[in-house]
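Starting from the structure of chain A, add chain B where the hints point.
There are 2 protein chains.
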Amino acid sequence: MNVYIIGVGLIGGSISLDIQEHFSEATIYGIDSDTAHLEEALQRKLIHQKATLPQVKNADIVIISIPVQASIKVIEHVLNEVKDDTLVIDAGSTKEQICQSIENHPKRRNFLATHPIAGTEFSGPKAAVKGLFHGKTNIICEVEKTAFSLQEKALELFKILGMRIRYMDPKSHDKHIAYVSHLSHISSFMLGKTVIEKEKNERDIFDLAGSGFASTVRLAKSSPAMWTPIFEQNKTNVIETLNEYIHNLQEFKKLMLQDNFEKIYQEMENTNHIKKILKGIK
Amino acid sequence: MNVYIIGVGLIGGSISLDIQEHFSEATIYGIDSDTAHLEEALQRKLIHQKATLPQVKNADIVIISIPVQASIKVIEHVLNEVKDDTLVIDAGSTKEQICQSIENHPKRRNFLATHPIAGTEFSGPKAAVKGLFHGKTNIICEVEKTAFSLQEKALELFKILGMRIRYMDPKSHDKHIAYVSHLSHISSFMLGKTVIEKEKNERDIFDLAGSGFASTVRLAKSSPAMWTPIFEQNKTNVIETLNEYIHNLQEFKKLMLQDNFEKIYQEMENTNHIKKILKGIK
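Each protein sequence line maps, in turn, to chains A and B. Just so you know, we're using this note's numbering here: the first sequence kicks off at 1 and counts up by one. Just so you know, we're using this note's numbering here: the second sequence kicks off at 1 and counts up by one.
For reference, chain A alone in the conformation it holds in the complex (with noise of 0.2 Å):
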């Protein structure tokens, strides 16, 4: 079996060693832009081989784990290179715009569009690790479009990696993850860069700053390569967060402006129920 995985970085390099440990038989060939992540994803035994995007046309599985918008042109043209038995993946954490961009391709049935919910705030071959995927939820968006053969091949892969599937449509899927993935960060982003911005001293950020805000600004370290292109692609829904998100820090503010900590405190008790709906989060 060979597999080409496009994006040898904490995705492609984790689905990478996870296929290794479960299928004996595979070979692994991995192809990216960057070349000095290449050449440290096969170091790091990630991959077996180096290969070159040509070479598709030999794979049986194809993994695409790149920004989204580089995406958007590798797969039409991975899709336009394979046989006609081959399944191609993407990873990417927007799913709409990549969807209609092969919408119409004659090989549109080679394709699986999923969202694997893994991942840390590191990036590149060297973030890559086993077990990544255990017990994370993967979105496969318009699964009925896929050949029911490659469906098929698709979720044992995803069940060897130890995957929960969930099935949606690539619109909801992008206005969802909005809220629970691409505010976080900017959230997260924000804060760190006002806290920059204050503390030139970063001795006294250091000193002072706890285990809480460490948690909270986590997703600050995330890498701009491929947030970018994500808040780019998913603009119009992360647009609607940020509005929702601003106006409940303005009402917090009106409501500490006008002295009612009576009201903040309730607003902190409902929110408190997010403990539950976090249960099972790890």
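Think of the hints as simulated: they come from the structure by calculation, not from any bench. Glycine included, every Cβ here is placed at the ideal spot set by N, Cα and C. One or more of the hints may lead you astray.
To be verified - Derived pair list, reagent style DSS-like, types lysine-lysine, alpha-carbon separation capped at 30 Å:
(1) A:Lys-198 to A:Lys-235
(2) A:Lys-253 to B:Lys-253
(3) B:Lys-200 to A:Lys-275
(4) A:Lys-235 to B:Lys-263
(5) A:Lys-126 to B:Lys-279
(6) B:Lys-235 to A:Lys-263
Unchecked claim - Simulated coverage check for chain B against chain A, where a stretch passes if three residues somewhere in it have a Cβ under 8 Å from a Cβ of chain A:
(7) 23 to 31
(8) 154 to 161
Same frame as chain A, but now just chain B:
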């Protein structure tokens, strides 16, 4: 040695566990306005005996770890009662109003204002753990206003808890902590609120939310009883941080509306610098 802990929750209970481990001769008395908490603290062996406020006249050390608006009344009352060589410590997250409130108290020299930067999003006696303070920072304010021998006694205690000491004036403490702690709590609470309001179907949040969301919204589990009075006491500084945070979010939104994703990339890259600052915070 008679140690009285007023407020047997996360902070008071955790200090008590460490004192018990290191000072076998200490008898720990617990005082709490919540009788169920006090009983629970006794059952969990956080304290040796239950006590009431008038008994602090027998104390060698009094540790006050209750919500900050209650602290102001209780500290004064305790100072009225204690012996001349009793050390009285508070552990509140705001320092300016607390220090002002006992500025002219005849027993001011018995008091040491501290803020141990330690804790979790949980509260109450069940949240108390051994070693909570190990490697954490303890901010001490107006150290020069505490009697020399009692400074020494307090530092010995903090050394045993494993804390690093930093000295600050109360005004600077409240200003800096608004950025690195109070703002994080509001950003997290409002993120939780925004997502809960949108995602009425909780199952959807649960399935789509990953570890990134869980981390960013973690502080929204915090106790409203603890946090409301903190925001009230630190109102001016907190509103300033909120203004800056909201401004940064609005600027980010403006960049998105202008399709200036190059600038968005730069903003995120600049903030990535937080990595370096966070190193060393657990």
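Do the hints match the structure? See the list:
Simply put, Lys-198 (chain A) and Lys-235 (chain A) have alpha-carbon atoms about 29 Å apart, close enough for the 30 Å limit, and the pair holds. Restraint check for Lys-253 (chain A) and Lys-253 (chain B): the C-alpha separation of about 19 Å stays at or below 30 Å, so the hint holds. Taking the CA atoms of Lys-200 (chain B) and Lys-275 (chain A), the gap is about 15 Å. The hint holds against a cut of 30 Å. Of the pairs offered as hints, the one joining Lys-235 (chain A) and Lys-263 (chain B) holds, with about 15 Å between alpha carbons and a cut-off of 30 Å not exceeded.
For a cut-off of 30 Å, the pair hint linking Lys-126 (chain A) to Lys-279 (chain B) stands: about 18 Å separates their Cα positions. A threshold of 30 Å between alpha carbons decides the hint, and for Lys-235 (chain B) with Lys-263 (chain A) the separation of about 15 Å falls inside it, so the pair holds. Proximity of the segment 23 to 31 of chain B to chain A, defined as three or more residues with a beta carbon under 8 Å from a beta carbon of that chain, is not established by the 0 residues found. With 0 residues having a beta carbon nearer than 8 Å to a beta carbon of chain A, the segment 154 to 161 of chain B misses the requirement of three or more and the stated coverage is violated.
Hints 7 and 8 from the earlier list are contradicted by this structure; the remaining hints agree with it.
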